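Student: Below are the chains, spelled out letter by letter.
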Amino acid sequence: MESIYLAIPLASLIGAIIAGLFGGIIGRKGAHAITILGVGISCFLSFVVLKHVGFDGHTFYGDVYTWAQVGNTKFAVGFQIDRLTSMMMVVVTFVSLMVHIYTIGYMQDDKHNWPEDSRGGTNSYQRFFAYISLFTFSMLMLVMSNNFMQLFFGWEAVGLVSYLLIGFWSTRETAIFANMKAFLVNRVGDFGFLLGIAAIWTYTGSVDYKEVFERLPAIEHITLTILPNTEWMLVSIIAICLFIGAMGKSAQVPLHVWLPDSMEGPTPISALIHAATMVTAGIFMVARMSPIFEMSDTALSMVLIIGATTAFFMGLIGIVQNDIKRVVAYSTLSQLGYMTVALGASAYSAAVFHLMTHAFFKALLFLAAGSVIIAMHHEQDIRKMGGLKKYLPITYWTSLVGSLALIGFPFFSGFFSKDLIIEAVHAANIPGSEYAYWMVLLGVFVTAFYSFRMFFLVFHGEERMDEHTKSHLHEPAKVVTWPLIALAIPAVLTGYFLDPMVVGDFFDGVIHVDESHPAVETITHHFHGSETWIVNIFSFVGHGLIALPFWLAMAGAGSAYYIYMKQPSIAKWGYDKLRFIHVILDKKYFADEFNMAVFAGGAIALGKTLWSVGDRFLIDGLVVNGSAKVTGWFSSIIRHMQTGYLYHYAFSIIIGVLAIMSWLLFGANNV
Amino acid sequence: MFMSFTTATLIPMQFAIPDFAPAIPEIFLLAGTCLVLLVDLFLKDSNRYITYLLSQTVLLITAYLVISGINDVSMAEALQTTGKASLTTFSEMFVLDPMSQVLKVSILLITVGVFVYSRPYLKTRQMFKGEYFTLGMFAVLGMMIMVSAKTMLVIYLGLELLSLAMYAMVAFRRNDGRASEAGMKYFVLGAIASGMLLYGMSIIYGVTGSLHLDHIDSFMMGHNVMTNMGLLLGLSFVLVGLGFKLGVVPFHMWVPDVYDGSPTAVTLFLGTAPKIAAFAMMFRLLVEGLDEMLLGWQQILSLLAALSLFIGNVVAIAQTNIKRMLAYSTISHMGFVLLGILAGTEVGYASSMFYIITYSIVAMGAFGIIILLSRDGYEADRLIDLQGLSSRHPWYAFMMMLFLFSMAGVPPTVGFYAKLSVLKAVVGAEVVWLAVFAVVMSVIGAYYYLRAIKLMYFDQPDEFVGDEELLVPAKSGFDFKLLLSVNGLSVLALGILPGALMSLCVLAVEASL
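Quick note, the sequences are listed as chains A and B, same order.
Under our numbering, the letters of the first sequence match residues 41 to 711, in that order.
Under our numbering, the letters of the second sequence match residues 243 to 755, in that order.
Treat the hints as calculated values from the structure; they're not laboratory data.
None of these values were measured; they are calculated from a predicted model.
Careful, some of the hints might be misleading.
What the hints assert, rightly or not - Subject to a maximum C-alpha distance of 20 Å in a straight line, what follows is the list of computed SDA-like cross-link-like pairs (lysine to any residue): (1) B:K286 <-> B:Q298; (2) A:K612 <-> A:L625; (3) A:K669 <-> B:L692; (4) A:K424 <-> A:K612; (5) A:K669 <-> A:H680; (6) A:K648 <-> A:L662; (7) B:K365 <-> B:Y291; (8) B:K326 <-> B:D533; (9) B:K326 <-> B:E752; (10) A:K424 <-> A:Y615; (11) B:K371 <-> B:L406; (12) B:K371 <-> B:R617; (13) B:K696 <-> B:P636; (14) A:K669 <-> B:V681; (15) A:K518 <-> A:I413; (16) A:K669 <-> B:V685; (17) B:K696 <-> B:W637; (18) A:K669 <-> B:R693; (19) B:K666 <-> B:L739; (20) A:K648 <-> A:N635; (21) A:K669 <-> B:V682; (22) B:K696 <-> A:G672; (23) A:K669 <-> B:F679; (24) A:K669 <-> B:Y689.
With the rest of the complex left out, here is chain B:
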C-alpha cells in the first residue's frame, strides 16, 4: 500500500522524557512484582516463604518510597509554579499529592497486613502459591495508579488492572465450585460495570473534549451543565461504575456472593484495600472532575447512600454466616462513605476519607479473627462459631469485640468517631433527614454486631463438646498474633486519639481542592 506523509509528520516528534520521580514507587512496585514473579518460578513449594518475604519487602519499600516521595523542595517549587502542593508528570496524567500519598501508604500497609493474615490460611489449604502474592501486588499497583490518576483514561487503566487481578484471586481456588462461581459472577458483573463506566467517560469526553479532570472541570465552569443532556447521561453511567466498585445498592448484588464464595484470605483483601482505591476514584471523578455537577451527583448519592444503609443493615440481620454478614455490613459502611462525599464540603470529604481508611483497618481485623479461628476443612465463618469465644480465647474475643464495636460505632472505638464526623458533615450540609436516617439505621445495625458479641461473651459453645481439637488455638505464627493485637489496639487508640489521622485527611483534601 502506498503511504503518504504530510510534511508535518516528517519533522521528528518532540518527545520529552517525562519526569519519573513522582511515579518512582509505582515503577519500583512493578519491577519488584516482576522480580517476585520470576523468583517464584524457581522455588520449590517448601521454599515458598521466600516469595512471601520478598513480596512483603517490596511492599514495605514501596511504602517507604511513597512517604519519602515528595521532598519539601520540589513541593515548594510546585506550590510556587502551580499554586498547588502537587506534582504531575506523564503529560499531567499522573499526580502526586498529599491525598495520593496518604491513600497509597494506607493501601500498602493494609496489604502487608493482609498478607500476614493470609499466610497461615493459605498454607493449611495448599494454596500457598506465588500467584496469590503476585496477583495481589498487581492489584496494589492498579490501586496506586487509580489513586494517582488525573485523567479518566488512567483511572480506567488502574481500575482494570485492579479488577483483573481481583477476578483471578476470587477464582484462585479453582477446584472449589463456589469460588469459581463467585469469580465468574464478579467477572461478568464487573465487566458490565466497567463497560458502563467507560461509556460514561466517553460521553463526557465527547461533550467536553478532554479526558483530563482539571480540563473537564474548567470546561464545565462556563456552561450550564445541569441542563446538558450529554453530561447528565455521562454522569449517570460514571455513577453506576462507581457504585459497583464501592458495592452500594442497587449495584451491590455481587458483594455478598463474592465475599462468601471467595477463600477468606481473598475476601480479606477484597474487603479492605480496594475500598480505599474506590474512594480515591470517586473523589477524583466527582469532586475533581465533575464538581460543577455537584447538584446532580449529590442527589443520586443521597439515594444510593440511603438505600445502602437500609438494605445493608436490615439484610445483615438475617445472615447466619459471618462473611455474608460482613458483606452486608460493608454495603452499609459504603453508604456512610457516600454520606461524607455528598455533603460536598472539605470536612465531608476528609471525614469520608477518614472513614474509609479506618473501616479498612477494622474490616481487616475482623477477617483476621475468622482466619485465626479457621482450620483446614473448617472455615469458622458461621456466627455460631463465635459462641463462647471469650472462654476459649479471651484476648482474641476482646479484639473481635473491639472490631465489632467499631463497626457498630460504639465509643471509644474509632468507628464512633468516624461515624460522628461523617454525620457532622452531613448535618453541616443541612441534609439532616439523611443524618437521622443514618443514625436510625446504625441502631438497627448495632443489633447484629451486638448479637455476635453476645454469642462470644454470653453463650457457651455446644457444638464443640468432645471436639477438643477445635478448641485448640489456631497454629498461627507470632507475627500473626502480634499484628492482630496491634490491629485491635489501634482501633482503640485511633478512637481515643483520632486527631492525627483526621488532620492528615483534612490536609490531604485541602491540598487537592
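Chain A with its partners taken away, still in its complex shape:
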C-alpha cells in the first residue's frame, strides 16, 4: 500500500510539473489532459485508500524518506494514513478533479483577461492547470503528513499556490493587492504556527506526531511566565500558537480580511482553494492535534469564541454584498466559523463532518456562481442579474441544492452537519459556550437570509441585465455543468454519513476527546435511540423539524423572499433608515481601514523611522561613515607628526623614555 500512498500526491505533482514546465510544448489540450489524468489517478487511488482504511480498518504510519537528521531529531517525509486522512484525501482529490474539469470551460477565453501588450497571457491556460495540480499535491502532502515539518511544508506550499492564484491575473492592480494581502496576513498566522511547532520541538524533542503525542503527559504540568506575574500552561501556549496558524489559514477573525479579497482570483480556485480545501486546512490541523487541544480549556475557549464571532458577524456582512462571489466568500467565512466553533466545543468529528459537507456544497455554489459569471460575460454584480432561471436551468437547480444544503434544509447534507454543531455547542461546558450557542443559532437565520437573497436576486424577479448580455445568455458548456451535477450529488448525500462519522466509531483512535468535554457523547447518547440507522436518521430529522434552527432558517429564507421579491420597498426603507448599520457592514467593520492605518501604516512609519534614524543616521551616518570619517580625520592629523625632522623624532623617543620611566616608577605597582 505504501507505493499507492506515495503515488497519490506524486501523480498530481508530475502533472503539475509537465503542464508547468512544458506547457508551451504540449499545448492547452495536453496540459489539461495530463493534469486531469494526474488528479484523476490521485482521486481514484484516494477512493481505494478510503475503502481500505475506512471500511477494512487498515492504517499506516511511517516514514518513507529521511530528509535530514539533526542530533536526535529526524526530519522525514512520512505518511499517517487513517480515517481522517483518507476522508480528507477523497474530499480534496474529488473537488480538485471537478474543478480541473470545470476549468476547461471557465478558462477557455482567458486571453481576454489579459491586456494586449502583456506577455502574461502566454500559456496562462497551461499555467493555471499547473498551479491547481500543484495545489492538489501540496494539500495532499499536508493532510497525509505524519510530522510537523511536512505539515508545515504543505501548509506553506498551499499558501504559495494560493498567493500565485489570487494574483493570477497579474496585470490587475486589485489582484496584486489581494494576493499581497493574503500573503501578509498569512505570515501573521504562520508565525504563530511556527512558534507552536518550535515550542513542541523544544519541549518534546520531536516533530513526529506519534512521538509528540506520547510525550504530551510529560509536559502537561509545565508552566511558563510569559508576562511578569502570569503563569501560562505550556500546552495552552502551544495550542494557542497552533490555532493562530489555523486562524490565518482558515480566515478566522481577526485574520479573516484576506479571504474576501482573494475572490480576485479566477472562480475555479475560489471554489477549490478558498472554499473547499485550503481554508479548511486549519480545521483539519486542529482536529489532527486534538490531543494537544484537549489538554487546555483556555485554548478551547479561545477557539470557541473566535469561531462563534466569525460565524455570526461575517455572515452579517454577506447580507450587504452585491458581488456574487463575495456573498459566497462571506458565507464561507461564516461556515468556517461554524467548524471552528465545533472544534472549540471538542466536537472535532462534527467539525470534520461539516468540513466535508461544506466542501461539496460550497464548491458547488462557487462553481455555480462561476457558471452565472460565464453566462453574464464576467458580470458579477447581482443587481444587474435576475430571472436567470429560464436561461440557466442546470445552474439554477444545482444552485438550489447548494443553497438548501447551506442553510441546513432537512435531508440535505448541511442540515445534519450544522444541526450537530449547534447541538454540540449547546452541550458544551467550557467558558464561552453560551455566547457561542447564541451566535451559531442566530447565524442560521443570517445564513438563510443572505443565501436566498442572492438566490432570488440572481435567478428570480425581473431581468435587470442589458440587452446585449441578455441576447447571449445560455447555459455554459458541458464541462461546466457536469461538475455542477457531480458535486450536487454529494452535496445532498454526504449528510447521511452522520451515523458513522460523528456519532459512530469512525474516528475512534484518530480524534481524542477528553472525558471532561462531553459534547459529542451527549449527542451520541440522544441519537442512538434505535438499532437501524435509517430510523435514527428519520428521528434526527424529526427532532430537527421541531427545533429552533430549522424555523430560524425558514424564517431567514422566507424574509429574504418577502423583502427582495414581494416588497422591495422594505429593503430600500432599511437601507435608508439603518444607514449606519449598512455602512458598518459594507465597510466590513472597518477591519481593512484599521489594518491599513494601524498595521500597514504603522509598519511603514516604523520602517521609515528606523530607516532614517536607525539606518541612515545612526548606522550609515555615525557608525559606518562616521567612524570612517573620524579615522580618516585622525589619520590626516597624526600623519603630520611625521615631520621629517630628526630632532622631532629624537624628541619623541625622549618623551617615550620619560613616559615609560614615570609609569614604571610611579604607576606600575599601583595598578
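Given the structure of chain A, go ahead and fit chain B onto it with the hints provided.
Tutor: Coordinates of chain B only, in the frame set by chain A:
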C-alpha cells in the same frame, strides 16, 4: 713605568679552548663572508653574479649547518647534565637551543629570498655591487649572534653588528639624497636607542652584578624587584632600546622615513629578517632575563602595543605610497607581536614567534611584488601603480592579493591564523580589552589592504595608456618568478596547515623556558 705584578698574575692563565661546535654556523658564515669580500675585489662588474652565487651558497650552507648543528647525542647529554635541551659555549655566553635554530634558519632562508628578489632591482640600477651582499651577510651574522646571545653584552654586540651593516645598506645609494637622508636619520636615532639600551644594561649589571641572563634571573628571584628603583630604571631603558629596534610607537618615527627612503631592495631586507632578530632579542632580554619583572614590562608593552596598533593602522590609511603604507603596517604588526609577548605565557611567546616568522615571509613577498613591477626610474611604489594589476599580471595580482589578505588577517591565509593565535593568547591572559582593541584596529587596517586589492582588481589603469613599455612584465628571471609563486602559495599553505610551524614554535619556546 714600573709595573708590579701580584703573585697571582704570575701563574699562567687557565685558558680552556671553548667548544666551537655550537657556533660552527656563525664561524662558517664569518669565514664565508670574508671570502666573498675577497673574491669580490677581483671580479669585473660583468662577473658580479659570482659574488651573488657565492653569497647564496654560503647562506644556504650556513642554514644547513644550523639545522644539523645539534645532534641528538649532544642534545641528550645536555638534557642529562643541565636539564635543558640547549648547548652553551664561550663561557656560557653563547647558546644553541631549538629557538635559536628555528629563528636562524628563518633568518637565513629569508635572506636568501631577499637576495633573489634584490638581484634584478640592483642590476637595473647599477647597484649590483658586492657591498650589498657582504653587508647583508654581516647583518645576518649580527642577527645570528643576537639570536644565540645569552649575555647582555653579546646581545649588544650582535645588535651593533646588525645595525652598522644596516646603516650602510640604507645609505647604499650614495648619490640619492633621500637614501642618504634616511641613512643619516636611521644612524642618529639608532645611536640614541643603542645608547639607551646600553645604559639600561649597565644599570641592570650594576644592580645584579652579572651580565648573564640566567644569573640576572636567579638574582631577581630572591628580591622584590618591582620596588627596586635601579632595576626599574634599567628596565625602562632596555624597553626603549627594544621598542626602537622593533619600531613600535613612540619609537617608530624612523620606520616610515627609512622604509621610504631606502632602495626597495634594502627596505625588503630591513623589513623582514631583522624583525626576527629583534624578536629574539626581546625574548632573551625580557622573558629569559627579566622574567621577574613581568608585571612591569607587561604593562609597558600593553601600552606600546595599543599605541602601535592605533597609530600604525590609522596613519597607514592616509598613505599614497606603498612602501610608507607597508611601513605603518609593520608598526601595527609589531604591535601584534608585542601582544603575544605580553601575554606572558608559553602559548603567547610561541604565537608571537609564529607571527614574526610568518609576517617576515609575507612582507618579503609584498616587497617582491613592488620590485617585480618596478623599472629603472620607475619605482612602482605608489598605490596607484597597482591599478588594474589583475588585468596586466593576473597571477602576480593574485599573489599580491594573498599577501595583502594575509596582512589584513583574512582566512585562509596565514595572517589570519597568526592573528588568531596571538589574540587567543591575549584573551587567555585575561587582557580582553586589548584583544578587542586589536581586533577593532585590524578592521581599520583591513581598509587599506582591501583598498589596494580594490585598485588591483576593480580599477583600470588610466596612467599607462599609451605607455606600452610599462605594461610589459618585469624582466626578472625565472628564479625570481618561481620564488614569488612559492612565497605566495606558502602564505596560503601555512594558513591552511599552520600546525607544523606552530608546533615548532611551541617546542622552541618550551625548550628555552
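Student: None of the hints should be skipped; say for each whether it holds.
Tutor: Hints and how they fare:
no.: 1; hint: B:K286 <-> B:Q298; result: 19 Å, holds
no.: 2; hint: A:K612 <-> A:L625; result: 16 Å, holds
no.: 3; hint: A:K669 <-> B:L692; result: 17 Å, holds
no.: 4; hint: A:K424 <-> A:K612; result: 17 Å, holds
no.: 5; hint: A:K669 <-> A:H680; result: 17 Å, holds
no.: 6; hint: A:K648 <-> A:L662; result: 18 Å, holds
no.: 7; hint: B:K365 <-> B:Y291; result: 10 Å, holds
no.: 8; hint: B:K326 <-> B:D533; result: 18 Å, holds
no.: 9; hint: B:K326 <-> B:E752; result: 10 Å, holds
no.: 10; hint: A:K424 <-> A:Y615; result: 18 Å, holds
no.: 11; hint: B:K371 <-> B:L406; result: 18 Å, holds
no.: 12; hint: B:K371 <-> B:R617; result: 18 Å, holds
no.: 13; hint: B:K696 <-> B:P636; result: 14 Å, holds
no.: 14; hint: A:K669 <-> B:V681; result: 19 Å, holds
no.: 15; hint: A:K518 <-> A:I413; result: 15 Å, holds
no.: 16; hint: A:K669 <-> B:V685; result: 14 Å, holds
no.: 17; hint: B:K696 <-> B:W637; result: 16 Å, holds
no.: 18; hint: A:K669 <-> B:R693; result: 16 Å, holds
no.: 19; hint: B:K666 <-> B:L739; result: 18 Å, holds
no.: 20; hint: A:K648 <-> A:N635; result: 18 Å, holds
no.: 21; hint: A:K669 <-> B:V682; result: 15 Å, holds
no.: 22; hint: B:K696 <-> A:G672; result: 18 Å, holds
no.: 23; hint: A:K669 <-> B:F679; result: 19 Å, holds
no.: 24; hint: A:K669 <-> B:Y689; result: 13 Å, holds
Of the numbered hints listed earlier, not one is contradicted by the structure.
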